[in-house]
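Chains as they are written, first to last, in my numbering: chain A, 4 to 433; chain B, 4 to 433; chain C, 4 to 433.
These are computed hints drawn from the structure, not numbers from a lab. Backbone N, C-alpha and C fix where the C-beta goes; we use that ideal spot for every residue, glycine too. It cannot be assumed that every hint is accurate.
Unchecked claim - Derived pair list, reagent style SDA-like, types lysine to any residue, alpha-carbon separation capped at 25 Å:
#1 363/C <-> 144/B
#2 363/A <-> 239/C
#3 363/C <-> 425/B
#4 363/A <-> 305/C
#5 363/B <-> 238/A
#6 363/A <-> 235/C
#7 363/B <-> 399/B
#8 363/C <-> 411/C
#9 363/C <-> 399/B
#10 363/A <-> 426/A
#11 363/C <-> 424/C
#12 363/C <-> 320/C
#13 363/B <-> 425/B
#14 363/C <-> 287/C
#15 363/A <-> 108/C
#16 363/C <-> 268/B
#17 363/A <-> 316/A
#18 363/A <-> 293/C
Claimed, not checked - Far from chain A, by Cβ distances over 10 Å, these chain B residues were calculated:
#19 352
#20 387
#21 395
#22 397
To be verified - Partial list, derived from the structure: chain A residues whose beta carbon lies under 8 Å from chain B:
#23 25
#24 107
#25 135
#26 291
#27 298
So the chains spell out like this:
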Amino acid sequence: MTTVSRGTSAGERMIQLASRLFPLCRSITGDGVRATLREIGERIPLDVHEVASGTPVLDWTVPDEWNIEDAYVATADGTRVVDFRASNLHVVSYSEPVRAELTLAELRPHVHTHAVEPDWIPYRTSYYERTWGFCLTQRQLGALEDTTYEVVVDATLGPGSLTYAECVLPGALEDEVILSTHVCHPSLANDNLSGIVVLTELAAALAAVPRRLTYRLLFVPGTIGSITWLSRNEEVVPRIVAGLVIACVGDPAPISYKRSRRGNAGVDRAASHVVGRRDGGRVLDFVPWGWDERQYNSPGFDLPVGTLTRSAEGEFREYHSSADSLDLIAPAQLEDTLGVALEIVDVLEGDCVYRNLSPKGEPQLGRRGLYRAVGGGDPSTDQLALLWVLNQSDGEHSLLDIAERSALPFHVVRAAADRLEATNLVARIT
Amino acid sequence: MTTVSRGTSAGERMIQLASRLFPLCRSITGDGVRATLREIGERIPLDVHEVASGTPVLDWTVPDEWNIEDAYVATADGTRVVDFRASNLHVVSYSEPVRAELTLAELRPHVHTHAVEPDWIPYRTSYYERTWGFCLTQRQLGALEDTTYEVVVDATLGPGSLTYAECVLPGALEDEVILSTHVCHPSLANDNLSGIVVLTELAAALAAVPRRLTYRLLFVPGTIGSITWLSRNEEVVPRIVAGLVIACVGDPAPISYKRSRRGNAGVDRAASHVVGRRDGGRVLDFVPWGWDERQYNSPGFDLPVGTLTRSAEGEFREYHSSADSLDLIAPAQLEDTLGVALEIVDVLEGDCVYRNLSPKGEPQLGRRGLYRAVGGGDPSTDQLALLWVLNQSDGEHSLLDIAERSALPFHVVRAAADRLEATNLVARIT
Amino acid sequence: MTTVSRGTSAGERMIQLASRLFPLCRSITGDGVRATLREIGERIPLDVHEVASGTPVLDWTVPDEWNIEDAYVATADGTRVVDFRASNLHVVSYSEPVRAELTLAELRPHVHTHAVEPDWIPYRTSYYERTWGFCLTQRQLGALEDTTYEVVVDATLGPGSLTYAECVLPGALEDEVILSTHVCHPSLANDNLSGIVVLTELAAALAAVPRRLTYRLLFVPGTIGSITWLSRNEEVVPRIVAGLVIACVGDPAPISYKRSRRGNAGVDRAASHVVGRRDGGRVLDFVPWGWDERQYNSPGFDLPVGTLTRSAEGEFREYHSSADSLDLIAPAQLEDTLGVALEIVDVLEGDCVYRNLSPKGEPQLGRRGLYRAVGGGDPSTDQLALLWVLNQSDGEHSLLDIAERSALPFHVVRAAADRLEATNLVARIT
């Protein structure tokens, strides 16, 4: 796979898209998701799907659609002491409509604050139990006087549909790589505008190059979205050879890869190789929580889908609060994630098995222009890579096996195989 | 397996039993063992077996029976300078009878002292070579004047029998767990009154609860006792699915588990899980010495029998000396060992394989009352356990596998499986 | 295998032989190699082989033969400013003949100096590209005035033959162990007179003892020599069960073993056991560069051949320079290497599988004189070894397996097996 432009422009494009998407009030259904997918569709080709409320999807049912116009808590004089227009985090996602006069005592059970930080608004949801609620800073709550409030959630919650989108980029093979991110969070930047914009840019990069594998990029609401997709795509599932859930990828933490349930699938080995070579890169074992990898890795599917993240879910202080703002993500971090994802793709695309056609003794590299003339000094990395590929290409070891054993970067091993193939010293096994 | 009372009373009961047994002069045969088993039989149902001297047992022969009434070294005026009545350690176990006047020089080859501590009496035996001897403190030996002594060992050594006892607690299955301890040491507290009293209390606890497996508790003289038992119970051997030798379990060291020869038998995994989670708990590889595990793990039997101990044989300063007194053992330490043993039993009883009945995607836990309603915070350990059991229950992984992979305690995983079984989300595979 | 004399004399014999061989100008062909093999042949029986230039050997061709009489760079007045007679390193090995008057500027492209040390002559070769060159110290080069020089390489480079030698020591079995070293370096002591003299002494030691395995010691020019040998001995290859390349074994670094490509072949396990027990001993993974192990471990042969060295290639400062002089090697270091090699041979010779003939319970060692009479103290290493061999001899574990699991030295385990065999407690499985 040839490289694509990863200059400042990619990072800036991602930040710009994130900024446009930030104010939208996304949830697991509704117009916020639709507006988000429309923006993404400006940059990459997207198939948007609507699935009606009430549709059975695996063990679940597509829920009613939620949309919200406005919400507030106001004093008798009409002053909004809590205002949805200031931050869409102020309303518990999927709050049912309410319009009431309530005392502070009556309001209290519907109020959520952040456990630690006095000035942060927490993010809360109630998708599957009908209720309503407001999220306030501790300071806001503390300032509320013991009086009567006008409480309004101007929302609709009823039959509609769930919205998700796919971008399918066909390759030479039908084998598919799925790349999935969740689009259900409102104004939270790292979780998960970062995932959305990296996936968008990744789709644009992949669309521009020849592909051996087919790539399917999924923009889905968390949990119910991947469940809905799985439910409607059982014929695609057997073709999936690798996958990544990409989320929380804009913060300053170093890159992390969480293995699939299988633990040693091709994607696990490819991603471990790439992430393991990064400064501070972490490779973590599978655990059955996190994001949509939970669904892809359920035992009935057991797909080879890992997770690319920077700070894992809940590992950063700002997680699920108003502090997860655009300030938390940066172009260089988004670009670094994009670069890692593309390197993993390079391994998935480029890994294959060769056979040494001159396996007895080393072939004489010198007369083929593959070796320096005057001997006695140290071998270069390129020369070592040639020797490794020759030594290991017995039909049993792939280039990734060789990169792992030699501790050389995959692209160096890949380049050595190309030089050896060009001089007829190795042949690809198909 | 429901919990049994493990309060202060259990520790105190164990110390009280140890105190009653301490003065008895046990050896590999004789009345000391019989009196010991009589005391134990007051608390739990015991089958006592007598095997005649001369009986061939595997490669060995049941030895003559040894009993001792009195022994001393006295000066001409009748003053006992070494006195069996002061400590039964003063006489080498299995000393043949002697009654003689000896000079100090003649006595000297029959005297043993502790290699390090001047005030400790060492513990010595000579089961299979006929001789006699006295064990003295260095100080006692140093104080002996160069004169003539009356030397008396008033013992009998002749045909009789070897005594051991079993407590069999039948379970729903014929599969057996053997729990074995040695009863051949005289007045030594940690080695091995501690093992005797823990095994006694363990039998009482197991007798009080329903059992899936059958438990066979063995009180045997070391080496020759387990060899005799194995020789007479070859039809039981194939039913043994797990076992523990329990010895030296009252001292302050943290709990240790020594693996069976197989290294990864069910009991090894169960005990490693339990012991590995304890503060300072150590899991050690099998070595072919120690106590009766040597016999159970001989290659002709190769039984899955590990060893539960605190300080391993020879690892505590007081080992095989008069300093291994009742002061070395304590109720809390005995109770801790009992608790570990019962936890291991809980794993052996409770481990089994489930199948997820809703394996595609996660089932919706919320509508089954298994998930909090308002999302956004961190999952609890109980919720994680539900997800782990669902994710791993593909028919290949047992609850212990899941506990190991998730690093959750077995009982938490066990409880999660119960909740999922109650809501028909998993079914036990039989 | 009984021990051989490894006293001061062996180390001194090795140093003396190295001193006699040091001045000879070896290369991959020519009279320097022949003179070297003649000297070695004084000590051990050698079959010397000549293979004509132009002979195809695997992917290579035996090159023309190179011999050199003299070489120098001289000023107009005949003063030699660079003189082959002072050090044969001054000439690039395989320099083609030249006789010319050159300006310093014209000479310059043919001059090599050491990258770091101003007073060291580097070692350079140009076997497969026709050129000529001189190796100078940085100081020599700096002192050259900008004038005209007489440049002479009085060498011949034309059809002849490549020379190598074998010493075959037949054993009871046809299974072969190859022990190989390179003989192509000129006046360099550690690389590789050290390998040559250790291999010579090893041959002498092996010749003096009974052998289960057949040993084939190879003195070959690097790369082309092992390729030539492999090409001409394809019928021997299937009989090779183990092998060692021995090189750079006289310097002060601790002993190192580099695994074969297979990684866990018998020789890898034997050598890891021996080297791993030495102070500072290192066991390194296979890499496809170094010395002739590259050829033996090429995928078409994949022989179980590891490498015994002290400092690996390029790991010592003096590598491939005039500082790799006789001062760098020492009798004690050569002897230590010889001892390690003989210990590895001991394992290869002595490893086998026994069956415990009394596998149920421990046999009673006491009545067979294999156990102390008075019990209660700590077991000795010899007693532990007896118990380990008995416990593990179920027909599945070799003595080396037992040494590895018990962490006892192989020779202790071997001795225990002998004692148990002598008392009919174990029998060798053939």
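Against the structure, the hints:
1. 363/C <-> 144/B: Outside the cut-off at roughly 43 Å; violated.
2. 363/A <-> 239/C: holds (14 Å)
3. 363/C <-> 425/B: violated (47 Å)
4. 363/A <-> 305/C: The hint holds at about 9 Å.
5. 363/B <-> 238/A: Answer holds: residue 363/B to residue 238/A is near 14 Å, not above 25 Å.
6. 363/A <-> 235/C: With a Cα-Cα distance of about 12 Å, the restraint between residue 363/A and residue 235/C holds, given a limit of 25 Å.
7. 363/B <-> 399/B: holds (16 Å)
8. 363/C <-> 411/C: holds (24 Å)
9. 363/C <-> 399/B: violated (34 Å)
10. 363/A <-> 426/A: holds (17 Å)
11. 363/C <-> 424/C: holds (17 Å)
12. 363/C <-> 320/C: Outside the cut-off at roughly 58 Å; violated.
13. 363/B <-> 425/B: holds (19 Å)
14. 363/C <-> 287/C: Outside the cut-off at roughly 41 Å; violated.
15. 363/A <-> 108/C: violated (44 Å)
16. 363/C <-> 268/B: Status holds; Cα separation ~19 Å.
17. 363/A <-> 316/A: violated (52 Å)
18. 363/A <-> 293/C: holds (17 Å)
19. 352: holds (25 Å)
20. 387: Since the minimum Cβ distance to chain A is about 7 Å, residue 387/B lies within 10 Å and the statement is violated.
21. 395: violated (7 Å)
22. 397: Per Cβ check, residue 397/B is inside 10 Å of chain A; nearest 4 Å; violated.
23. 25: At about 19 Å, which exceeds the 8 Å cut-off, the nearest Cβ of chain B leaves the hint on residue 25/A violated.
24. 107: violated (20 Å)
25. 135: violated (11 Å)
26. 291: Holds, about 4 Å.
27. 298: It holds, given that the least Cβ distance between residue 298/A and chain B is near 5 Å, below 8 Å.
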